[in-house]
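What follows is each chain in one-letter form.
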Amino acid sequence: MISGANLKVAGYPLAIFMPMLAPLGFAMHLPWLTPVVVFGLFPILSLIIGEDRSLPLIGLRRDHERMMYLNMLPRIYGYVWILCLIWAASYAARIDLTVGQFVALTLSVGLASAVAIPTAHELLHRRSWEDTMLARLMTSLCLYGHMLNEHLHHHATVGTPQYGSTATRGVSVYRFALSDFVQGLRNAWSVETARVKRCCESWWRHQVIQGYVAAFSFAAMFGTLWGWAGLLLFVGQAVFAIFVFEIITYLHHYGLVLKEGEELGPQHAWAHHCWLTNCLTFNNTFHSDHHLRPNTPYYELHAMYGAPRLPASYFTMFWVALVPPLWFRLIDPRLDALERARMDSSHELAESLRAAYCR
Amino acid sequence: MASHLAEPLSSFESVDDSISWISGYETEAEVLDASRQIIDYFGLQTFVFGALSRSGEREHYRYLVGCDPQWCFLYNENRWYAIDPCIDYALKNTSPALASQIPLTTPGQERLMAAAAEHGFRSGVVVPAHSPASTRIGVLYLGTNENDDYVRRSYDRHRNLMRAFALELLEWWDAWLRDTSLAELDLDDLDLELLQKAQEQATAEAAAHELGITLSRVKWRYDRLNRKLNVAGKRQAVEKAVVLGLLKAHA
Numbered sequence: 031m032i033s034g035a036n037l038k039v040a041g042y043p044l045a046i047f048m049p050m051l052a053p054l055g056f057a058m059h060l061p062w063l064t065p066v067v068v069f070g071l072f073p074i075l076s077l078i079i080g081e082d083r084s085l086p087l088i089g090l091r092r093d094h095e096r097m098m099y100l101n102m103l104p105r106i107y108g109y110v111w112i113l114c115l116i117w118a119a120s121y122a123a124r125i126d127l128t129v130g131q132f133v134a135l136t137l138s139v140g141l142a143s144a145v146a147i148p149t150a151h152e153l154l155h156r157r158s159w160e161d162t163m164l165a166r167l168m169t170s171l172c173l174y175g176h177m178l179n180e181h182l183h184h185h186a187t188v189g190t191p192q193y194g195s196t197a198t199r200g201v202s203v204y205r206f207a208l209s210d211f212v213q214g215l216r217n218a219w220s221v222e223t224a225r226v227k228r229c230c231e232s233w234w235r236h237q238v239i240q241g242y243v244a245a246f247s248f249a250a251m252f253g254t255l256w257g258w259a260g261l262l263l264f265v266g267q268a269v270f271a272i273f274v275f276e277i278i279t280y281l282h283h284y285g286l287v288l289k290e291g292e293e294l295g296p297q298h299a300w301a302h303h304c305w306l307t308n309c310l311t312f313n314n315t316f317h318s319d320h321h322l323r324p325n326t327p328y329y330e331l332h333a334m335y336g337a338p339r340l341p342a343s344y345f346t347m348f349w350v351a352l353v354p355p356l357w358f359r360l361i362d363p364r365l366d367a368l369e370r371a372r373m374d375s376s377h378e379l380a381e382s383l384r385a386a387y388c389r
Numbered sequence: 018m019a020s021h022l023a024e025p026l027s028s029f030e031s032v033d034d035s036i037s038w039i040s041g042y043e044t045e046a047e048v049l050d051a052s053r054q055i056i057d058y059f060g061l062q063t064f065v066f067g068a069l070s071r072s073g074e075r076e077h078y079r080y081l082v083g084c085d086p087q088w089c090f091l092y093n094e095n096r097w098y099a100i101d102p103c104i105d106y107a108l109k110n111t112s113p114a115l116a117s118q119i120p121l122t123t124p125g126q127e128r129l130m131a132a133a134a135e136h137g138f139r140s141g142v143v144v145p146a147h148s149p150a151s152t153r154i155g156v157l158y159l160g161t162n163e164n165d166d167y168v169r170r171s172y173d174r175h176r177n178l179m180r181a182f183a184l185e186l187l188e189w190w191d192a193w194l195r196d197t198s199l200a201e202l203d204l205d206d207l208d209l210e211l212l213q214k215a216q217e218q219a220t221a222e223a224a225a226h227e228l229g230i231t232l233s234r235v236k237w238r239y240d241r242l243n244r245k246l247n248v249a250g251k252r253q254a255v256e257k258a259v260v261l262g263l264l265k266a267h268a
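Top to bottom, those sequences are chains G and D. 31 is the number of the first residue of the first sequence in our numbering; add one for each residue after it. 18 is the number of the first residue of the second sequence in our numbering; add one for each residue after it.
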């Protein structure tokens, strides 16, 4: 268990090493380094390091230099990841890779891209034009042109399964991932189309159209510059990143449906406040707090009392989600316990169900 | 922000710079100091800048005064703003004009101009400044006790600078009004975005979907905005926000 705020501030740059793992692995002739580190080493490290009980630094808003550093980190991640993507495409085009090596390269970059989407998510909640544009560039490079509009819609409708993004009980991650992507595109399209019509703007101002024009232009650019290998890598990393992001969304909200007349609260997002995951994903596990304060920067989010707890860190639960019978067996009893706690007037969650919170 | 103007302005470039710095000043006193030096360069002595904002059928006036305060007191007491031929000229025109060229059509207007002459505006220049869609109109009166020929020479030499000066004053006024309103009403970025959505005539549900907040929060925020702005509904909130410079008016 780690509670030092300064240590956490020092830990955030760890995220920037994620996109660097792919070139490092190939330089060391270890093409599977990234998947092994992410899916093998990180779950073990998460267990060893423990949970994150740090609070945001006191007086941070008066410390302009530290604020600037913290604000810069997601941007730096974005730039480093874009460079990594370009490197990977040119490497795939230049070097005669075996099928296994090509798959390893695509997965390695795809994992960095999977972190790039939550990073873009952090940037899109900011109000500056530069950050929003960088977020849109990053999501377009992941062929996720509607992410910005869909994500804002997600905030407005979380806990309402008919809008997607909240998997109902019994739905597997595979069914959820596809349906949520399609439903998300529908949501983004309808919201943005209504806005464009209402504001009498031209269709070129339609952000979903802009996002996909950019995405397909990037695909064409990768294909033109680096041939079929570049194009395949570009599409492969994007599909993998979107799939991972959908799994994260599944982990966040599975089964936590808003009841009639119920207000959104910390109980509508699963949590496991793993210190390492938080450093690598800019506090993505403080998801309850993020939903209650959407425009709060990542470094001011913290764990909340009342957030239900996942049995293990995201890295471990990622694997569990991929095996639906195991997932249902682990999570559905927790949903039952949550429901019992809701019906009980004291609303007290069992210790095993309570996510760690800051004290 | 400290005034950049320590010494009298002596060249076109220095006045041009001074005019462009106006938008960066934080207080009215800084703008008044800078304005006095600029009109001194024009060879004139007095000025009043009036900003008129329109919202629906209503009009609101505010003034930046660089002349004898007694004149403003007299002007307001007599409600001369209702018949002021210079305001009427600015509402219908965008070009600067010599005050003597503006026709006086009523005895009240003649009395007004005679009183103005006794308070430093014997002759002068009227410079209109229009915001986009003319929802906010500025009128810069530049005056002197010299005769009309003197003013004409200044006008011929400095006409473009006078226009730039009036436009910068209008922009500064807009920004100052916006900042003051934001601080006084304790509004944040989300409040402004919600006002923007209300101006676009977005429903509460559309605003929620586009801004990424729940419907109940949108409704609660609109109720709070209505209370803060002391209005009964979204339409009135938008009208008031335009007057307070919080929103740009639609064309």
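Simulated from the structure, these hints should not be mistaken for lab results. Among the hints, erroneous ones may be present.
[To be verified] The list that follows gives simulated cross-link-like pairs (lysine to aspartate or glutamate, EDC-like), each with its CA atoms no further than 20 Å apart:
#: 1; chain 1: D; residue 1: Lys236; chain 2: D; residue 2: Asp203
#: 2; chain 1: D; residue 1: Lys251; chain 2: D; residue 2: Asp173
#: 3; chain 1: G; residue 1: Lys289; chain 2: G; residue 2: Glu231
#: 4; chain 1: G; residue 1: Lys227; chain 2: D; residue 2: Glu210
#: 5; chain 1: D; residue 1: Lys251; chain 2: D; residue 2: Glu188
#: 6; chain 1: D; residue 1: Lys236; chain 2: D; residue 2: Asp191
#: 7; chain 1: D; residue 1: Lys109; chain 2: D; residue 2: Glu163
#: 8; chain 1: G; residue 1: Lys227; chain 2: D; residue 2: Asp196
#: 9; chain 1: D; residue 1: Lys236; chain 2: G; residue 2: Glu290
#: 10; chain 1: D; residue 1: Lys109; chain 2: D; residue 2: Glu94
#: 11; chain 1: D; residue 1: Lys265; chain 2: D; residue 2: Asp166
#: 12; chain 1: D; residue 1: Lys245; chain 2: D; residue 2: Glu201
#: 13; chain 1: D; residue 1: Lys245; chain 2: D; residue 2: Asp196
#: 14; chain 1: G; residue 1: Lys289; chain 2: D; residue 2: Glu222
#: 15; chain 1: D; residue 1: Lys236; chain 2: D; residue 2: Asp196
#: 16; chain 1: D; residue 1: Lys251; chain 2: D; residue 2: Asp240
#: 17; chain 1: D; residue 1: Lys236; chain 2: G; residue 2: Glu293
#: 18; chain 1: G; residue 1: Lys227; chain 2: D; residue 2: Glu222
#: 19; chain 1: D; residue 1: Lys236; chain 2: D; residue 2: Glu188
#: 20; chain 1: D; residue 1: Lys265; chain 2: G; residue 2: Glu231
#: 21; chain 1: D; residue 1: Lys245; chain 2: D; residue 2: Glu210
#: 22; chain 1: D; residue 1: Lys265; chain 2: D; residue 2: Glu188
#: 23; chain 1: D; residue 1: Lys236; chain 2: G; residue 2: Glu292
#: 24; chain 1: D; residue 1: Lys265; chain 2: D; residue 2: Asp173
Checked hints:
Among the hinted pairs, Lys236 (chain D) with Asp203 (chain D) is consistent with the structure: their alpha-carbon atoms are about 18 Å apart, no more than 20 Å. Note on Lys251 (chain D) and Asp173 (chain D): the hinted pairing is violated, with a Cα-Cα distance of about 48 Å set against a maximum of 20 Å. This hinted pair does not check out: Lys289 (chain G) and Glu231 (chain G) have alpha carbons roughly 37 Å apart, beyond 20 Å. Restraint check for Lys227 (chain G) and Glu210 (chain D): satisfied, since their Cα atoms lie roughly 18 Å apart, inside the 20 Å limit.
This hinted pair does not check out: Lys251 (chain D) and Glu188 (chain D) have alpha carbons roughly 26 Å apart, beyond 20 Å. Straight-line distance between C-alpha atoms of Lys236 (chain D) and Asp191 (chain D) comes to about 29 Å, which puts the hinted pair past the 20 Å bound. Simply put, Lys109 (chain D) and Glu163 (chain D) have alpha-carbon atoms about 27 Å apart, too far for the 20 Å limit, and the pair is violated. This hinted pair does not check out: Lys227 (chain G) and Asp196 (chain D) have alpha carbons roughly 31 Å apart, beyond 20 Å.
With a C-alpha separation of about 17 Å, the suggested pair Lys236 (chain D) and Glu290 (chain G) falls inside the 20 Å cut-off, and the hint holds. A distance of roughly 25 Å separates the Cα atoms of Lys109 (chain D) and Glu94 (chain D); the hinted pair therefore is violated under the 20 Å criterion. Distance restraint check for Lys265 (chain D) and Asp166 (chain D): the Cα-Cα separation of roughly 40 Å exceeds the 20 Å cut-off, and the hinted pair is therefore not satisfied. Using a Cα cut-off of 20 Å, the hinted pair Lys245 (chain D) and Glu201 (chain D) holds, with the two alpha carbons roughly 10 Å apart.
The straight-line distance between the Cα atoms of Lys245 (chain D) and Asp196 (chain D) is roughly 15 Å, inside the 20 Å bound, and the hint therefore holds. For the hint linking Lys289 (chain G) to Glu222 (chain D), the alpha-carbon distance of about 19 Å falls within 20 Å, and the restraint holds. Restraint check for Lys236 (chain D) and Asp196 (chain D): the C-alpha separation of about 25 Å exceeds 20 Å, so the hint is violated. For a cut-off of 20 Å, the pair hint linking Lys251 (chain D) to Asp240 (chain D) stands: about 9 Å separates their Cα positions.
Annotation: proposed proximity of Lys236 (chain D) to Glu293 (chain G) holds, straight-line Cα distance about 13 Å (limit 20 Å). As the CA atoms of Lys227 (chain G) and Glu222 (chain D) are separated by approximately 16 Å, the hinted pair is consistent with the 20 Å bound. For the given pair, Lys236 (chain D) sits about 33 Å from Glu188 (chain D) by alpha-carbon distance, which is inconsistent with the 20 Å threshold. Between the alpha carbons of Lys265 (chain D) and Glu231 (chain G) the distance comes to roughly 17 Å, so the proposed pair stays at or under 20 Å and holds.
With a C-alpha separation of about 15 Å, the suggested pairing of Lys245 (chain D) with Glu210 (chain D) holds against the 20 Å cut-off. Note on Lys265 (chain D) and Glu188 (chain D): the hinted pairing holds, with a Cα-Cα distance of about 12 Å set against a maximum of 20 Å. Proximity of Lys236 (chain D) to Glu292 (chain G) is assessed by CA-CA distance (about 15 Å); at most 20 Å being required, the pair is judged to hold. With a C-alpha separation of about 34 Å, the suggested pair Lys265 (chain D) and Asp173 (chain D) falls outside the 20 Å cut-off, and the hint is violated.
Violated hints for the displayed structure, listed by number in ascending order: 2, 3, 5, 6, 7, 8, 10, 11, 15, 19 and 24.
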